[in-house]
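Quick note: the sequence shown uses numbering that gives the first Met the number 0, first residue 0, plus one each step.
Bear in mind the hints are in silico, worked out from the structure with no lab data behind them. Cβ coordinates follow ideal geometry from the N, Cα and C atoms, glycine included. Hints are supplied without guarantee of correctness; some may be wrong.
To be verified - Restraint-style ranges between C-beta atoms, simulated for each label pair:
{"id": "1", "residue 1": "Trp360", "residue 2": "Pro328", "range": "26 to 32 angstroms"}
{"id": "2", "residue 1": "Pro61", "residue 2": "Arg386", "range": "52 to 58 angstroms"}
{"id": "3", "residue 1": "Trp360", "residue 2": "Asp87", "range": "43 to 49 angstroms"}
{"id": "4", "residue 1": "Ala208", "residue 2": "Asp87", "range": "38 to 44 angstroms"}
{"id": "5", "residue 1": "Leu23", "residue 2": "Ala172", "range": "35 to 41 angstroms"}
{"id": "6", "residue 1": "Leu52", "residue 2": "Leu356", "range": "30 to 36 angstroms"}
{"id": "7", "residue 1": "Leu383", "residue 2": "Gly30", "range": "32 to 38 angstroms"}
{"id": "8", "residue 1": "Ser274", "residue 2": "Glu359", "range": "32 to 38 angstroms"}
{"id": "9", "residue 1": "Val303", "residue 2": "Val96", "range": "23 to 29 angstroms"}
{"id": "10", "residue 1": "Glu123", "residue 2": "Leu287", "range": "29 to 35 angstroms"}
{"id": "11", "residue 1": "Leu382", "residue 2": "Leu266", "range": "39 to 45 angstroms"}
{"id": "12", "residue 1": "Leu383", "residue 2": "Gly152", "range": "35 to 41 angstroms"}
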Amino acid sequence: MRWWSVANLVSNAGTWMQLTVQNLLVLQITGSAAATGLSMSVQAAPALFVSLLGGAAVDRWPRKLTVAVSQALLGAVAFTTALLVALDRIDMPALMVLAAVTGVIATVDGPACALLGNDLVPVEDVPSAIGVGALVHSAGRLTGTALAGVTVGFLGTSAAYAANGLSFLFVAAVVPFLRPAPGAVQDPVSAERVDREEMGVRQGLAYFARRPRLVALAAVTGLSSVFGRNYGLTLAVLVTGPLAGGAGAFGTVSTVLAVGGILGAVLGARLRRPSVRTVGLLAAAGGLLQVAAGLSPSLAVLLVLVLPMAVVESVSDTAGTAVLQTDPPPHLRGRVLGVWSSVGTVWGLGGPPALGLLMEWAGTRGALVAGGLLIAGAIATGLLARRRTAPVPVTLPAKDGDITGRAALGTAA
């Protein structure tokens, strides 16, 4: 698990380095911010249409082989891009094609890497492993974003793509040496206990739709994603608008958000039995903190609120991911993650426009307050409704001669 975490840190740093450089490259080629957004959408779009098939492939193929091959393919795409940039042969059509290919491979690589990390630890340590993964992701994002500017400044744009290619190859080289810990969940393919006819996409969709806790998790996460987590948009407008700050002030807010995300990942790794209720309560707390942030009279007050907002969001994400990856039986987890990826892409594509309309209608402060109240109110309503419909145990008085408790069970047997 330590080797896998180191490999993931290297890979995440390389990925965020490439994502940062890719935006700069598109701006350099076209000079258009719209084209930059289009390139990001092209890379994300396969998750909407192909994730179900990618999840089914993860359940059908051996996990370690799937990760090694997908990482090697992602490395090949990165090296191809680096070569085209170095030879000055890159243009927007080629960049779009390469971004789309990367997105398609990622629909298999994402769930395969997530589940492989869980396969390396005992079942009771899976929530902690997911927390460690979240921490590695946050650290890799900070490292990669910082290294992007340094790499481009000293070695050029193609070097950033080449470095990302090397990071993928490093992961592929580590995978063959990984060994599951005693008590870890066995790879369902290598266990050979699952009927191959039960490995289709339909079974994953049916399982997700029939599990109320997964549907509730999707609803909670969807509300938070649309109305509460787009801080790059809402807080940027709040800082530069009503609070009269500049780009430097928003940079400070972004740094505090990143620090809070790392602290939240550390706390999330300590969760032993995360549940949908935990996710809901954390999301509601985040919504109330967002309301307070929307009413902030100054930048100093906002900075005090931003840290717990980021911590709560990160712990909630870790708890939700733990539920998502441990609730399904092992032979369905890839397909359930595929369903989740498709749903998450819908939120990612639809959330910013919906939030933008809310900001146009209610203003920046109004959008933060209304969104936070909507999140907290909807979750509170759901928890109350669930409590009212939960079965209530009834104790019947026993008469003389009645057989009760363990004696009754023995008689029945």
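Evaluated hints:
1. Distance hint check: the CB atoms of tryptophan 360 and proline 328 are about 45 angstroms apart, inconsistent with the given range 26 to 32 angstroms.
2. For proline 61 paired with arginine 386, a C-beta distance near 44 angstroms fails the hint of 52 to 58 angstroms.
3. For the pair tryptophan 360 and aspartate 87, the beta carbons lie near 47 angstroms from each other, so the given range of 43 to 49 angstroms is met.
4. For the pair alanine 208 and aspartate 87, the beta carbons lie near 50 angstroms from each other, so the given range of 38 to 44 angstroms is not met.
5. Against the hinted window of 35 to 41 angstroms, the Cβ-Cβ separation of leucine 23 and alanine 172 comes to about 29 angstroms, which falls outside the hint.
6. A C-beta distance of roughly 33 angstroms is found between leucine 52 and leucine 356, which places it inside the suggested range of 30 to 36 angstroms.
7. Range check, leucine 383 to glycine 30: about 53 angstroms between beta-carbon atoms, so the 32 to 38 angstroms window is missed.
8. One distance hint, 32 to 38 angstroms for the beta-carbon pair serine 274 and glutamate 359, holds here, with the actual separation near 37 angstroms.
9. Range check, valine 303 to valine 96: about 46 angstroms between beta-carbon atoms, so the 23 to 29 angstroms window is missed.
10. For glutamate 123 and leucine 287, the Cβ-Cβ distance of about 32 angstroms falls inside the hinted range of 29 to 35 angstroms, so the restraint holds.
11. About 22 angstroms separates the C-beta atoms of leucine 382 and leucine 266, a value inconsistent with the hinted range of 39 to 45 angstroms.
12. In this structure the supplied range 35 to 41 angstroms is violated for leucine 383 paired with glycine 152, their Cβ-Cβ distance being about 55 angstroms.
The structure fails hints 1, 2, 4, 5, 7, 9, 11 and 12 (numbered hints given earlier, in ascending order).
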